[in-house]
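*Asks:* Following the hints, put chain B in place on chain W, whose structure we already have.
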Amino acid sequence: MTDRYPGYDVLARRWTESWNETTRQVIDQRLAVPREPRFFSATEWRTLSAVCDRIVPQPKDRPPVPLPAYVDQKMADGLLDGYRYAQMPPQGEAWQRGLAALDAAAKEAHGGPFHGLSAEQQDGLLRRMQQGNLIGKAWGGMPCKLFFEHRVLPDITHAYYAHPIAWNEIGFGGPASPRGYVRMGLDRRDPWEAVEAALGEGTDTRRKNNHGG
Amino acid sequence: MTRNPAPLAISATALLGLTALALTLRPVVGTRVVRSRPPVHIRMIDPGAAIRAARRMNRAAGVIAAAVLADSSIEHYRGSFHNKAMIAPLVIASLSLAASVHGNADKRSTAHRVRDGIYAAAALTGLIGTCFHIFNIGKKSGGFSWQNLFYSAPIGAPAALILSGTMGFLAERVRDTTPGVAPIIAGVSAGRAVAAATSLGLLGTASEAALLHFRGAYHDPFMYLPVTIPPVTAALIGNAAFGRARERRPMTRFWLRFTALLGFAGSGFHAIGIARNMGGWRNWRQNLLNGPPLPAPPSFTGLALAGLAALGLMEDHPDD
Chain W
762 MTDRYPGYDV LARRWTESWN ETTRQVIDQR LAVPREPRFF SATEWRTLSA VCDRIVPQPK
822 DRPPVPLPAY VDQKMADGLL DGYRYAQMPP QGEAWQRGLA ALDAAAKEAH GGPFHGLSAE
882 QQDGLLRRMQ QGNLIGKAWG GMPCKLFFEH RVLPDITHAY YAHPIAWNEI GFGGPASPRG
942 YVRMGLDRRD PWEAVEAALG EGTDTRRKNN HGG
Chain B
81 MTRNPAPLAI SATALLGLTA LALTLRPVVG TRVVRSRPPV HIRMIDPGAA IRAARRMNRA
141 AGVIAAAVLA DSSIEHYRGS FHNKAMIAPL VIASLSLAAS VHGNADKRST AHRVRDGIYA
201 AAALTGLIGT CFHIFNIGKK SGGFSWQNLF YSAPIGAPAA LILSGTMGFL AERVRDTTPG
261 VAPIIAGVSA GRAVAAATSL GLLGTASEAA LLHFRGAYHD PFMYLPVTIP PVTAALIGNA
321 AFGRARERRP MTRFWLRFTA LLGFAGSGFH AIGIARNMGG WRNWRQNLLN GPPLPAPPSF
381 TGLALAGLAA LGLMEDHPDD
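Protein sequences appear in the order of chains W and B.
So the first sequence is residues 762 to 974, counted in our numbering.
So the second sequence is residues 81 to 400, counted in our numbering.
Excised from the complex, chain B in its bound form:
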């Protein structure tokens, strides 16, 4: 038998989670005056720009939280809430969703302590959940085999909660900026930080789709979309994160929007997949659990929204 490559995937996902967490936990320099000498390119910074970006990110965090809430409700109900901790993602994703709705309505330029706490708790819960799912797979007979990776609790699902919490937490950092000053996160421009987080998140989510669509033998050609489109988008937004400032990026924006659309379209495709199971939607009590996960794809939408917020941040606050 060949050595199984699963641990690699696990470590990649774990790395993603840790990186995301590191982004949230590193000491944060809330705001700072950007430059002592005036920038060469004189450009008025829109005082509302940071709040606008923060609210966009609240929406991104909210969309991911909603996807996690629906997905974990269905899947953990399927697991009969066998372990009491399986209720945790339902509670924390609901809170993250509520914090996002609140943040979206909030036009103030200071971080909200409760929202901050909720978002940090969501990221932490996601991290613990990811570790727990990995631990569960390792515990099964066969360990980290393809069989167990395919059919055990998915690694990528709790990682989505990390992303929701991270995006929300970053939203609070962006918001907590003196109006007219460029938001900074952990010493780098907020736009770049969010863009990097988005890129990582897209790659992780695409890996999850790749694993599960491979399990589904790519029986429908549309199943290739989430493993081809988001990686391109991840590359583009990753390039934006590390590339030159003050660059118009219409291509990146287009792919982000396309990915956002893809997230919703994915749910549509999954609805068709459920209909194709025996008994179709009339047998929803079985097929909603047995068929492709209806609420999983909008995670891509949430991430794309975060990417669009990052692009907006970088355009509003170029850091050179």
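Next up, chain W with everything else stripped away, as it sits in the complex:
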């Protein structure tokens, strides 16, 4: 993966004027999310982890964003979206039912649990879910297409971009608190923002990013 913001580390802002004590506490809590499930069962957790690996595959040369842990935290703490499709059960129940149904579909199609399948087999099942073609009693009437679109995709991608590692990839400065943005126009950049690498400018960009804050 190309590094669009070479040398940029959003955590280097920790002691600059960009963050205050509250910001530091929020980020610390986010980085300290337990890596074991509090909400999901061991089986659900394995399936969830496998789904996360297919929805947002992560490079092997850095520690992964703990996606299943963030999804688990959202369920365990009951962090709701504020709305729910009438055809869908509450979020925790939706996930439990959806993961069980996916596992059941894996056993039916390939004779093994979802997490034990090859990446291609997993993708095939997820694609059928996305298209609304995974049908079975285990879904309990929940449309698999809706589950994919309104639980699987948002919960996992939102979890990904809640993590500083993802912020480094997109040059995001994290919470704008207390320091936010002044230059709002297109292609304008505040001096404390990440510098995007232009072609052939890598070294200079790296130097600038190491001085940001």
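Derived by calculation from the structure, the hints in this document are not laboratory data.
Each residue gets a CB set at the ideal place from its N, CA and C atoms; glycine is no exception.
Certain hints may be false.
As the list claims (entries may be wrong) - No farther apart than 20 Å at their CA atoms in a straight line, the calculated lysine to aspartate or glutamate pairs in the DMTMM-like style are these:
1. W/K821 / W/E930
2. W/K835 / W/E797
3. B/K164 / W/D948
4. W/K821 / W/D764
5. B/K164 / W/D951
6. B/K220 / W/D948
7. W/K969 / W/D951
8. B/K187 / B/D256
9. B/K219 / W/D948
10. W/K906 / W/E854
11. B/K220 / B/E155
12. W/K969 / W/D764
Claimed, not checked - If you want the ones that stay clear, here's a sample from chain W, every Cβ over 10 Å from chain B, calculated:
13. P824
14. P851
15. G885
16. F933
*Replies:* Chain B alone, transformed into the frame defined by chain W:
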């Protein structure tokens, strides 16, 4: 949607700029012997009076130039000097400030060619800048809408450079007077000309404050001060410009001094405003740009100083 009244404000400001420029560009009758017959009121004209007044006006031009320099530095830095021309007000305001310092120290009774050139260039740059800012607003989607007037490059800011240049240029005309002779600018008494320019300048600057404080929803009652005090002062000094000579005007002088004070107090209030933004002054790199403009209010001080110089001129050289 209602027709937006913005073009009116634009034309008013443009008119202000043009008037100010007209004052500088009209052929200037440098000096003339005032009267063939001795005036009824025999009064010795202090030979140093014109120079004293000119130096006061140099100070006024300097204060405005300093405000423009600081304000355009901050705001154009915020704009990342996106357009190369954005460096122009920094250069010309610095020069205007330097010319004013030089003029303040200069006790000679002749205009200085370099100062003259700088002041004229400052007024011209201010005029071009004003047109440029107006052009920029018109270019944005929505054109002359309130949104664009509030958040685009301000019209009043470059107009302040017109005022600095105008006051400085007028200072040179006042100075360029034979000692003991009443200074004349463009055929009228210099005091009246400067008073009229001051009155217009105060009204323009108050309009700018009105627009931006309206944007700020007058959330602090003190935000009403620059839209109430300077217009009163403008009326009083305007009255002096067109009213009777030989009148003691303690009220006008008081309001001018009050306005001068208000300019500095305004910066103080703006400093508090910056502190109230998240992160306060510790986050100055954002809040100095995001908060109320710290160097803008002293423009009022500069104009009030010019008004005081005008009052002095009219008292020293009554023209009836």
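*Asks:* Of all the hints given earlier, name the ones this structure violates by number, lowest first.
*Replies:* none
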